[in-house]
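K.L.:
The lines below spell out each chain.
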Amino acid sequence: MAETYTGNVQNHPLTFFAIIGERSSAFFEHLARYCSLMWWMLRNVHNAKEYSRNIYQQMVMIGNDSIPIVVFVSAFVGMVTAVQSAYQLYDWIPRAVVGSLVVKSVLLELTPLLTALVLAGKVGATITAELGTMRVTEQIDALEALAFDSISFLITPRVLSGMLMFPVLIIFGDLVAIIGGLIGSVAVANIPAEAFINGMKSSFETKDAIFGIIKANFFGFTITSVACYQGYYVEGGSEGVGKATMGTVVLTCLAVVVMDFILASILL
Amino acid sequence: MQVSSLILNPGLSLLIRIQNIWKRFGEKQVLRGISFDVRDKETTVVLGRSGGGKSVLLKMIIGLVKPDSGSIEVDSKDVTKMNYKELRAMRFKFGFLFQGAALFDSMTVGENIALSLRRHTGWTEKEINESIEFALHIVGLDNVAEVMPSSLSGGMKKRVGLARAVALTPRYVLYDEPTTGLDMETADGINLLIKDMRTKLGITSIVVTHDIHSAFVVGDRFAVLENGTTLMTGTREEIQQSENEEVRKYINSSLPMTEGNRA
Ligand SMILES: Nc1ncnc2c1ncn2[C@@H]1O[C@H](COP(=O)(O)OP(=O)(O)OP(=O)(O)O)[C@@H](O)[C@H]1O
Ligand SMILES: [Mg+2]
Numbered sequence: 007m008a009e010t011y012t013g014n015v016q017n018h019p020l021t022f023f024a025i026i027g028e029r030s031s032a033f034f035e036h037l038a039r040y041c042s043l044m045w046w047m048l049r050n051v052h053n054a055k056e057y058s059r060n061i062y063q064q065m066v067m068i069g070n071d072s073i074p075i076v077v078f079v080s081a082f083v084g085m086v087t088a089v090q091s092a093y094q095l096y097d098w099i100p101r102a103v104v105g106s107l108v109v110k111s112v113l114l115e116l117t118p119l120l121t122a123l124v125l126a127g128k129v130g131a132t133i134t135a136e137l138g139t140m141r142v143t144e145q146i147d148a149l150e151a152l153a154f155d156s157i158s159f160l161i162t163p164r165v166l167s168g169m170l171m172f173p174v175l176i177i178f179g180d181l182v183a184i185i186g187g188l189i190g191s192v193a194v195a196n197i198p199a200e201a202f203i204n205g206m207k208s209s210f211e212t213k214d215a216i217f218g219i220i221k222a223n224f225f226g227f228t229i230t231s232v233a234c235y236q237g238y239y240v241e242g243g244s245e246g247v248g249k250a251t252m253g254t255v256v257l258t259c260l261a262v263v264v265m266d267f268i269l270a271s272i273l274l
Numbered sequence: 153m154q155v156s157s158l159i160l161n162p163g164l165s166l167l168i169r170i171q172n173i174w175k176r177f178g179e180k181q182v183l184r185g186i187s188f189d190v191r192d193k194e195t196t197v198v199l200g201r202s203g204g205g206k207s208v209l210l211k212m213i214i215g216l217v218k219p220d221s222g223s224i225e226v227d228s229k230d231v232t233k234m235n236y237k238e239l240r241a242m243r244f245k246f247g248f249l250f251q252g253a254a255l256f257d258s259m260t261v262g263e264n265i266a267l268s269l270r271r272h273t274g275w276t277e278k279e280i281n282e283s284i285e286f287a288l289h290i291v292g293l294d295n296v297a298e299v300m301p302s303s304l305s306g307g308m309k310k311r312v313g314l315a316r317a318v319a320l321t322p323r324y325v326l327y328d329e330p331t332t333g334l335d336m337e338t339a340d341g342i343n344l345l346i347k348d349m350r351t352k353l354g355i356t357s358i359v360v361t362h363d364i365h366s367a368f369v370v371g372d373r374f375a376v377l378e379n380g381t382t383l384m385t386g387t388r389e390e391i392q393q394s395e396n397e398e399v400r401k402y403i404n405s406s407l408p409m410t411e412g413n414r415a
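In order, the protein sequences belong to chains A and B.
According to the working numbering, the first sequence is numbered sequentially starting from 7.
According to the working numbering, the second sequence is numbered sequentially starting from 153.
Bear in mind the hints are in silico, worked out from the structure with no lab data behind them.
Ideal Cβ placement from N, Cα and C applies to all residues, glycine included.
Please note that the accuracy of each hint is not assured.
To be verified - Label-pair ranges, simulated between beta-carbon atoms:
| no. | chain 1 | residue 1 | chain 2 | residue 2 | range |
| --- | --- | --- | --- | --- | --- |
| 1 | B | 396 | A | 34 | 43 to 51 Å |
| 2 | A | 24 | B | 274 | 56 to 64 Å |
| 3 | A | 61 | B | 237 | 40 to 48 Å |
| 4 | A | 51 | B | 302 | 31 to 39 Å |
| 5 | A | 24 | B | 348 | 39 to 47 Å |
| 6 | A | 212 | B | 236 | 29 to 37 Å |
| 7 | B | 171 | A | 243 | 39 to 47 Å |
What the hints assert, rightly or not - Quick list of in silico lysine to any residue cross-link-like pairs, SDA-like style, CA-CA up to 25 Å:
| no. | chain 1 | residue 1 | chain 2 | residue 2 |
| --- | --- | --- | --- | --- |
| 8 | B | 278 | A | 62 |
| 9 | B | 229 | A | 149 |
| 10 | A | 55 | B | 305 |
Unchecked claim - Sample of chain A residues lacking proximity to chain B, with all beta carbon distances greater than 10 Å (derived):
| no. | residue |
| --- | --- |
| 11 | 153 |
| 12 | 198 |
| 13 | 252 |
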């Protein structure tokens, strides 16, 4: 009957598309708002006196405070790469190849990607929770009321620090991962240190390291800017902050792997 | 009396003019045509139910929330049509006490107050420290400059918020429930402060409050909101003598708070 039909929209065949339409329009709304936030930030980036006070603090939070976890992850990444490379090699292949494999995969892919995924959790979640709490407790309103530009004051230093510190962390991680690879080769895979180092030297290319650093730069921007967006526009009290924080971790992890693929396709 | 002569003086300029403000959040129509005027060097008290949109209205005045329709003129410029640069210049003239104090919890109490002093004045560190001490002193807080806001009580936070709002002696101060959560004595101190701000410094204020005792101590002029509209506006005497039942409800509901019943 016509009455029940209109009354019970859930069974309407079009609902499926309506939901997709709604979801995608919400997505584009977020995208538009994210872009305008970034545009605002960019347009006022010359105004360094708005945020210079905060940038040091953010560099410490994003860079310094992340060193232990980056060292830990990178060391194990290096070791496991060495051990698995050695395991996969046929007997007649020279052992020095392990050194080549470790340095290539660590610089190009493993350290940047895994570090970014770990930092998406650590840095991203921290930023969203911080800004989200400031939003729901009206601290962002209070900043605006005191005639501060809250975007320049809060978001710019975080995003700039992310873009600056991620590459630094990745360089650090690269170094630790290669040392880890060496340790893994010598201690577990019984490869002489000399062979590993020779293999490493023979295949090291500066452009691989630079590629990793460029990736780190993009990852740093993406993670911090998405986290800032999520926090800055939180709605719905502390529950909203929790949801947004989880959303940041999921979103930034997805963004990092997708971007990793795109950058590899373009730059390699 | 000085106060009533000020009110009756027809030559006084209107400084904030709120006209026919409408606002809805989702399904909820919160404001349905609020209008009232705030005059120079007067304290206007806004009364209304919890959830009636008083805090939203205050935020609209400094452009933190945009109304769906209507205009808010500050010094004859429409806030709702300002661009961001103009908004910031205008906000500079305002002090704002948030209902929940909204202290920056990553900074000490002193830094909370120093933040805008450092940005907006050319003062030396020594002058800034002195102003912090002074601002905290006038709200009845001493030796808390080094403390983090999270270790303060609700009432103390409120007073730090007040100190932060008035530290730069703005031209206008908007108080969102300045005495809520304070004991009688401290509340009286705050009422006195709001009065002094007007009489000694000539500051124009809007006070949102549920505390009718405080309202009559500080208020020169009143706006009573009901159902998202302006139920009544008038001077203290007009409100006190109002025959309107709804208005009387506000005044009478708060009888236990009046001076005589306090002891
Ligand atoms: N940003 C927002 N998003 C959605 N709804 C909001 C928002 N801000 C306020 N509201 C709603 O508007 C209404 C009015 O809120 P407001 O805080 O102004 O009330 P109030 O008069 O200050 O109440 P109280 O006296 O309890 O402080 C409430 O129902 C609130 O839920
Ligand atoms: Mg309120």
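K.L.:
Which of the listed hints are not met by the structure?
P.N.:
3, 5, 6, 7, 10 and 11
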